[in-house]
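Colleague: Here the structure of chain R is known, so what remains is to put chain H in place on it, guided by the hints.
Top line first, the protein sequences correspond to chains R and H.
Read in UniProt numbering, the first sequence has 53 at position 53, and its numbers run on one by one without any break.
Read in UniProt numbering, the second sequence has 31 at position 31, and its numbers run on one by one without any break.
By construction, these hints were calculated from the structure, which means they are not laboratory data.
All residues carry an ideal CB built from backbone N, CA and C; glycine is no exception.
Be aware that one or more of the hints could be misleading.
[Claimed, not checked] Covered stretches of chain R, going by a simulated chain H footprint (3 or more residues, C-beta under 8 Å): (1) 73-81; (2) 373-387.
[Claimed, not checked] Pairs of lysine-lysine, DSSO-like flavour, derived with a Cα cap of 27 Å: (3) R:46 with H:19; (4) H:40 with H:18; (5) R:291 with H:40; (6) H:182 with R:46; (7) R:46 with H:40; (8) R:56 with H:178; (9) R:375 with R:46; (10) R:384 with H:19.
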Amino acid sequence: IVIHGIGYIIMYCPIVFQWATVRLERGAKENNHPLYKPYSNAIIAKEPTSLEEEIKEIRRSGSNKDLDSASEFEMSDIFYFARRGVESIMDDEVTKRFSAEELESWNLLTRSNYNFQYISLRLTVLWGLGLLIRYGLLLPLRYMIKNLLSEKVHLMCYRICVRALTAIITYHDSENKPKNGGICVANHTSPIDVIILASDGCYAMVGQIHGGLMGVIQRSMVKACPHVWFERSEVKDRHLVAKRLSDHVDDKTKLPILIFPEGTCINNTSVMMFKKGSFEIGTTVYPVAIKYDPRFGDAFWNSSKFGMVNYLLRMMSSWAIVCSVWYLPPMSREEGEDAVHFANRVKAAIARQGGLVDLLWDGGLKRDKVKDTFKEEQQKLYSKMLVGTQEDRSRS
Amino acid sequence: MGSRASSLLREEEIEEIKKETGFSHSQITRLYSRFTSLDKGENGTLSREDFQRIPELAINPLGDRIINAFFPEGEDQVNFRGFMRTLAHFRPVEDNEKNKNAAVSEPLNSRTNKLLFAFRLYDLDRDDKISREELLQVLRMMVGVNISDEQLGSIADRTIQEADTNGDNSISFNEFMKVLEKVDVEQKMSIRFLH
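Just chain R, with the same shape it has in the complex (with noise of 0.2 Å):
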């Protein structure tokens, strides 16, 4: 029934906010300050225009020379990769992804919003009383529940655990659940994704063993379920680790893995190592594609800056975490694709399903590589511009 209850209060939370907004932004504009909206937008116009285009605008602007018998090199051309640089250093697509996305709705989390001023006694009051509520109703709430469940089946383990952190989680398509002997793959914010997946279906997971809080946490998995855990130094062998994968899949009557290519990890290098190894081996991959509602808390976990205590302190403070979760038709590598490719393509299926930009530079997949033949493109492309011309020029 409280279950039930506190249903109810999610429902209306988002009318609450969204008149929270409306009179911040009255009073703001009453004080004449400028409220800042966090980016909703890019903040600078970029020219889709190409190298070439744009080296020859520049020569030509610069010159009454005839284009056709325009000289190789201009110092004028170095405008176009500076322009290009300084634009990137203000805004490009891929650093802002990696920040939390900022709310548009200020959502009574003080830490979403950078402006937070008091503007009215009567909003005041309401941050006053959702803090109250937060804190003293909801928190303890959780951690009454979180002691029950130590010696509950696991499925019902992580229900409640979902349940403690009031998630309202949608499953699309549980006919494409991932199967026995199976691998399945999914996109990676938060720990919580790996709750959510697992209160719908066993899993086997594969992880590096840890020590402190999440160590007891692996441990005590490994009682319910056979998991593949891997020692730290195991991690850096990427045949053992696909071996074993391997082993694990062929063995039908185990549960299917739950791998998260992408996405941060306490440590990142076995992230890497995963990548490639669970695509390579030959089986059936069924994709998941995880999207979570940021209006109602960020789930969102920097663990470059913030430990995972703390993080869990965050996650069930807040209102309540909202997402949806799609199960994909499964996917099998094709006659004469090569792991990476195959990623790819998974990686675009989740990423269209889930409404989220499919980035070429997502985690690191072979980042280091990618940067080198991009920026060796452009290199040649500009060269031809100036060897070009002089080929003609030794023609006539």
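Modeller: Just chain H, lined up with the frame of chain R:
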């Protein structure tokens, strides 16, 4: 995210930056947000590594030269003021600015200062001259491995020949400006803001 509150930009600072660079209030706050998102160490300054982490900049053939432009001689960290001062070079030139009192020191985004930014990209040792060697090095960065040394050498020689008026076999800033006097620098070295 909670720790960012401690480094919020104060109103006085915003005003100072506004005066110095000409950026608007909202542009400054947005660029501040950008600055803090690049500042992984959260110490209020950016290092060269922080810039190199930007993928689009890393693939720019002149990426390192551009990054260098942010750091004054001998320094490895740049604070928000310095960051804005360098970015200010790429502000578009507004018409009403051209009429502003000439007594005020030249704005950072003037034509001359834009050209100076570009000049400094070539001038590797900051001696206010572009030598043949420096030009070769920068050219090499731009073309990669696709052009032979001889070809590149002749391109450099030709360029210096055309620009050098005082016969010292290198290009001074004035000579540089003369070569580019017809180029629409204001437009080509400007970045348009959406707000």
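Colleague: For each hint, tell me whether it holds in the structure or not.
Modeller: A quick look at each hint next to the structure:
Three residues within the 8 Å Cβ limit are the bar, and the stretch 73-81 of chain R against chain H gives 8, so the coverage statement holds. Look at the stretch 373-387 of chain R against chain H: 11 of its residues bring a Cβ nearer than 8 Å to a Cβ of that chain, three or more, so the hint holds. Between residue 46 of chain R and residue 19 of chain H, the direct Cα distance comes to roughly 26 Å. Compliance with the 27 Å bound is thereby established for this hinted pair. Taken as a hint, the residue 40 of chain H and residue 18 of chain H pair is honoured in the structure, with Cα atoms around 25 Å apart against an allowance of 27 Å.
A distance of roughly 26 Å separates the Cα atoms of residue 291 of chain R and residue 40 of chain H; the hinted pair therefore holds under the 27 Å criterion. For the proposed pair residue 182 of chain H and residue 46 of chain R, the alpha carbon gap of about 24 Å is at most 27 Å, so the pair holds. Annotation: proposed proximity of residue 46 of chain R to residue 40 of chain H holds, straight-line Cα distance about 25 Å (limit 27 Å). A C-alpha spacing of about 20 Å is found between residue 56 of chain R and residue 178 of chain H, which places the hinted pair at or below 27 Å, so the restraint holds.
For the hint pairing residue 375 of chain R with residue 46 of chain R, the CA-to-CA distance comes to about 19 Å; that is within 27 Å, so the pair holds. Distance hint between residue 384 of chain R and residue 19 of chain H is unfulfilled; the C-alpha atoms sit about 44 Å from each other, more than 27 Å.
Figure legend: structure checked against the earlier numbered hints; the only hint not met is number 10.
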